[in-house]
Amino acid sequence: MSNPAAMPDSEPERPRGEAGVSRWEDAVLAAALMSVDPVGTGGVALRSLAGPVRDQWLTIMRDLQPPGTPMRRIPLHVSDGRLLGGLDLAATLSAGRPVAERGLLVEANGGIVELAMAERIAAGTAARLTMAFDSGEVVLERDGLAMRSPARFAVVALDEGVGDDEGLLNALLDRLAFHQDLTYIRVHEAVACDYDADEILAARALLPGIQVSEEQIEALCSTALALGIPSLRASIFAARAACAAAALDGRSEVTDEDLAVAGRLVLAPRATMLPPSEQPPDEPPPPEPEEPDQEQDKGEDQQEPKELEDQVLEAAKAAIPADLLAQLQLGKLRRSRARATGKAGAVQNAPLRGRPAGVLRGEPRAGLRLNVVETLRAAAPWQRLRREEVARFGGQSNRIEIRQDDFRITRFKHRSETTTIFVVDASGSSALHRLAEAKGAVELLLADCYVRRDRVALVAFRGQFAEVLLPPTRSLVRAKRSLASLPGGGGTPLASGIDLGMMLADSVKRRGGTPILIIMTDGRANVARDGTGGRARANEDALSAARLVRSVEITSLVIDTSPRPQQQGRDLAVEMGARYLPLPHADATSLSHAVRAAG
Numbered sequence: 000m001s002n003p004a005a006m007p008d009s010e011p012e013r014p015r016g017e018a019g020v021s022r023w024e025d026a027v028l029a030a031a032l033m034s035v036d037p038v039g040t041g042g043v044a045l046r047s048l049a050g051p052v053r054d055q056w057l058t059i060m061r062d063l064q065p066p067g068t069p070m071r072r073i074p075l076h077v078s079d080g081r082l083l084g085g086l087d088l089a090a091t092l093s094a095g096r097p098v099a100e101r102g103l104l105v106e107a108n109g110g111i112v113e114l115a116m117a118e119r120i121a122a123g124t125a126a127r128l129t130m131a132f133d134s135g136e137v138v139l140e141r142d143g144l145a146m147r148s149p150a151r152f153a154v155v156a157l158d159e160g161v162g163d164d165e166g167l168l169n170a171l172l173d174r175l176a177f178h179q180d181l182t183y184i185r186v187h188e189a190v191a192c193d194y195d196a197d198e199i200l201a202a203r204a205l206l207p208g209i210q211v212s213e214e215q216i217e218a219l220c221s222t223a224l225a226l227g228i229p230s231l232r233a234s235i236f237a238a239r240a241a242c243a244a245a246a247l248d249g250r251s252e253v254t255d256e257d258l259a260v261a262g263r264l265v266l267a268p269r270a271t272m273l274p275p276s277e278q279p280p281d282e283p284p285p286p287e288p289e290e291p292d293q294e295q296d297k298g299e300d301q302q303e304p305k306e307l308e309d310q311v312l313e314a315a316k317a318a319i320p321a322d323l324l325a326q327l328q329l330g331k332l333r334r335s336r337a338r339a340t341g342k343a344g345a346v347q348n349a350p351l352r353g354r355p356a357g358v359l360r361g362e363p364r365a366g367l368r369l370n371v372v373e374t375l376r377a378a379a380p381w382q383r384l385r386r387e388e389v390a391r392f393g394g395q396s397n398r399i400e401i402r403q404d405d406f407r408i409t410r411f412k413h414r415s416e417t418t419t420i421f422v423v424d425a426s427g428s429s430a431l432h433r434l435a436e437a438k439g440a441v442e443l444l445l446a447d448c449y450v451r452r453d454r455v456a457l458v459a460f461r462g463q464f465a466e467v468l469l470p471p472t473r474s475l476v477r478a479k480r481s482l483a484s485l486p487g488g489g490g491t492p493l494a495s496g497i498d499l500g501m502m503l504a505d506s507v508k509r510r511g512g513t514p515i516l517i518i519m520t521d522g523r524a525n526v527a528r529d530g531t532g533g534r535a536r537a538n539e540d541a542l543s544a545a546r547l548v549r550s551v552e553i554t555s556l557v558i559d560t561s562p563r564p565q566q567q568g569r570d571l572a573v574e575m576g577a578r579y580l581p582l583p584h585a586d587a588t589s590l591s592h593a594v595r596a597a598g
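Quick note on numbering that gives the first Met the number 0: the sequence shown kicks off at 0 and runs consecutively.
Be a bit skeptical, because a hint or two may be false.
Only pairs whose alpha carbons sit at most 20 Å apart, straight line, appear in this in silico SDA-like list of lysine to any residue [as the list claims (entries may be wrong)]:
id, residue 1, residue 2
1, K412, A121
2, K479, L443
3, K479, V467
4, K508, E552
5, K412, T124
6, K412, S78
7, K412, R510
8, K508, E416
9, K508, V551
10, K412, G512
11, K412, L75
12, K479, E442
13, K412, G80
14, K412, G123
15, K479, E466
Simulated from the structure, these hints should not be mistaken for laboratory data.
Go ahead and model the full structure; you've got the sequences and the hints to work with.
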């Protein structure tokens, strides 16, 4: 294993296994195994930016599908009606009765679904997709329709995320057997595939008769446990991949090589820890006098599964990427990628602006926008009954009959603006130790906020009271100027600082923004709310102010800037419901990185 500290910026070569398998060959093999058993393996999570390498892989994957295999591409902002199906508006208005329209998932039954920009898929869309994925059918009960349609498919999730903080939702990633990364594969390495659609059809014919023995299942489960994989789906997928590998090679039984392929393709990308190093075996206990033959038989029975487990584990370890190996060596667990929220504002409902987020029943009053299509969709199933009602009163109508209950208005969602409020301790004790470092960290954070176009505010407390040095603004120049002129010295009116920061945060929240309160202090309060001295009363007022922040549910962070972490800082964070960050030996850059991670 390479030394993590000496790793270059570019992706190093991954160690090759016994057969010298490259990362591209593994990606092509994953496409072939998924094609052999699409429903059993779930699909492929393909991490790669758009480019010739990804296009080559997609072309190979499509060419491997037998003729007539349905393939559907799901766009990022697909509607529920197009995804799951619903009312065919034009056909319904023409026929005078509800006519159902099949959704993309039903159209892809028995085939492949390509999920574009999967790292940005909405949580609701992912939930509907996984529900159909698990049950193998789409249950439609809307727009006067009630029907169940089969929907058994594999998913190719195209992950275009950049960095470790962008990736697929865990619920979707866990349901895909193969996790492939094409990021560092060069164009000349993306060669053609050795398999064809006829071989896939022959493998599918063999697949139902292939079984995995109990010893082989035990070896896969033990390997998953040794690699720190918490999901049971990984072991199930590994068994299905081993069967698919045997069928692809034309064998009727799963061999050790098939298990090694499953460990390399399914288990290795999910590893969160390195297996423990082998300890020298202890001296064997003296044999029992009775029944020696039975003990010897038991030892022979246990030897083969252990050797098989070691083979699968070694194959999986050889396939772990070098960058992941370095992280595991440093003791960092690699969890499945989750949606990174960053410091973007909270999602809020809005009547007039933002991104469309469904419809609601209601009238288009006070500027609300009428959704004409959904209004017609709500009225369409009732046209025959309404025309018959008009005819009973001696009338005749050839137009679409709309009632007040049919009106649908569009609802919107948007991310509110984020305002980061820095509450800086400029008292004498803080100035003596960390004020210069705190200023440097805040200046770096101000630059980050400027890049994200967030608003920032600056509150300082020293002497007897706190003051707002900078109201919420986007001006980086004003923020730096206010920070540079901040003097140090005097008492520590911590309660006043928290109160003033909370008032600013509350005003931001009332205007529809998302406040983040960052308090940088050593926690040694010695000035009460009314400006009088006394540590006991000052600490009591500070804890009372902290509880008030928790009651209004403001996201907050307490950074203990004292040379040694103090209990006062921990108590303050607990009462505030904030994250506590002790940084006894941090410089400005470390403070900046810590606050970014907490945001």
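Right, here's what the structure says about each hint:
At roughly 12 Å between alpha-carbon atoms, K412 and A121 fall within 20 Å of each other, so this suggested pair holds. Restraint check for K479 and L443: the C-alpha separation of about 10 Å stays at or below 20 Å, so the hint holds. Distance restraint check for K479 and V467: the Cα-Cα separation of roughly 14 Å lies within the 20 Å cut-off, and the hinted pair is therefore satisfied. Between K508 and E552, the direct Cα distance comes to roughly 10 Å. Compliance with the 20 Å bound is thereby established for this hinted pair.
Under the criterion of a C-alpha separation no larger than 20 Å, the hint pairing K412 with T124 is consistent with the structure, at around 15 Å. For the suggested pair K412 and S78, the alpha carbons sit about 15 Å apart, so the restraint of at most 20 Å is met. The straight-line distance between the Cα atoms of K412 and R510 is roughly 16 Å, inside the 20 Å bound, and the hint therefore holds. A threshold of 20 Å between alpha carbons decides the hint, and for K508 with E416 the separation of about 10 Å falls inside it, so the pair holds.
Of the supplied pair hints, the one linking K508 and V551 holds, its CA atoms being roughly 10 Å apart against a limit of 20 Å. With a CA separation close to 13 Å, the supplied pair K412 and G512 stays within the 20 Å bound. At roughly 16 Å between alpha-carbon atoms, K412 and L75 fall within 20 Å of each other, so this suggested pair holds. Taken as a hint, the K479 and E442 pair is honoured in the structure, with Cα atoms around 7 Å apart against an allowance of 20 Å.
The straight-line distance between the Cα atoms of K412 and G80 is roughly 19 Å, inside the 20 Å bound, and the hint therefore holds. Using a Cα cut-off of 20 Å, the hinted pair K412 and G123 holds, with the two alpha carbons roughly 14 Å apart. A threshold of 20 Å between alpha carbons decides the hint, and for K479 with E466 the separation of about 16 Å falls inside it, so the pair holds.
This entry satisfies every hint, going by the numbered hints stated previously.
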